[in-house]
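There are 2 protein chains.
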Amino acid sequence: MTGDAKSPKGARRGESRRAQLIKGVLDLALLCILKERPHYGLEILQRMNEEAELDVADGTIYPLLHRMEASGFVSAEWRIEGDQARPRKYYALTPSGVAELKSLSADWRTLSTRMNALIDKSKP
Amino acid sequence: MTGDAKSPKGARRGESRRAQLIKGVLDLALLCILKERPHYGLEILQRMNEEAELDVADGTIYPLLHRMEASGFVSAEWRIEGDQARPRKYYALTPSGVAELKSLSADWRTLSTRMNALIDKSKP
DNA sequence: ACCAGTCATCTTGTAATGCAAGATATATGA
DNA sequence: TCATATATCTTGCATTACAAGATGACTGGT
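Which chain is which? The protein sequence lines are A and B, in order.
Under our numbering, the first residue of the first sequence is numbered 1, with each subsequent residue one higher.
Under our numbering, the first residue of the second sequence is numbered 1, with each subsequent residue one higher.
For the record, the hints were derived by calculation from the structure and aren't laboratory data.
Since no wrong hints were added, every one of them can be taken at face value.
The list treats identical chains as interchangeable, and a pair is accepted whether it falls inside one copy or across any two copies.
Dumping the calculated EDC-like pairs for lysine to aspartate or glutamate here, alpha-carbon to alpha-carbon at most 16 Å:
{"#": "1", "residue 1": "Lys89", "residue 2": "Asp58"}
{"#": "2", "residue 1": "Lys102", "residue 2": "Asp27"}
{"#": "3", "residue 1": "Lys89", "residue 2": "Glu77"}
Can you make the complete structure from the sequences, with help from the hints?
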């Protein structure tokens, strides 16, 4: 009746990091960018658009940053840099965020390897 | 007031194929698999899980197939194969699906190149 | 001083979709 | 007959990328 005898029932949603990866390359991109140095919001946006060509909107980046902060991967701090007058909110990687980056990028490597193999296989 | 002086409206983000890609590597994987030969639903599921390690559920694959069919990329046909008794629904690529595969895999190549560059840059 | 534009952050509403769980139906074997 | 396996499909929920809007503060032109 249930027809689903093999599915691991204990695995509630949110455990599967692979699903996360498939949906959000954005998470990985963000962690990579913050690994280099702290950035503020619009700066991240610019780097994603120009460098990674991900074509992200600011309505995407701020909720993403807040999710990452709530997960403990990112910390935020208002700061005044150099000669600019207004403070900007700088986001930085936490140690736990560094670990997450390591884990996510390993997952990415696996996924991209498999996908490339699939694509090659589908060619003459 | 509206603070909306910057939006270059028009064609900007309409297509969203990139968003599609980011979210759904599944689409690409499906097209690749069907390019080789027609498959029926659970067969696709097995290949995705074993070969691509995408960890997909059947509640994912059937809606995906129906979307692809509605988009004209995939055609479906009940068929009886060899000695098995019950018919299975075989899905195959249409010419338009082949074109979509070509387009999507080009997008994939771009994305994976940029992501790998980002990841490399974030390393010591 | 005033006003328009820019920078920067944040919120809201919508649409897409992956997924667990359930429903349905048929064939096979105990 | 009943349980199991195969196979397809549906439903409800949670996530989330995005457009559009809101807010506030500084700057430059007049």
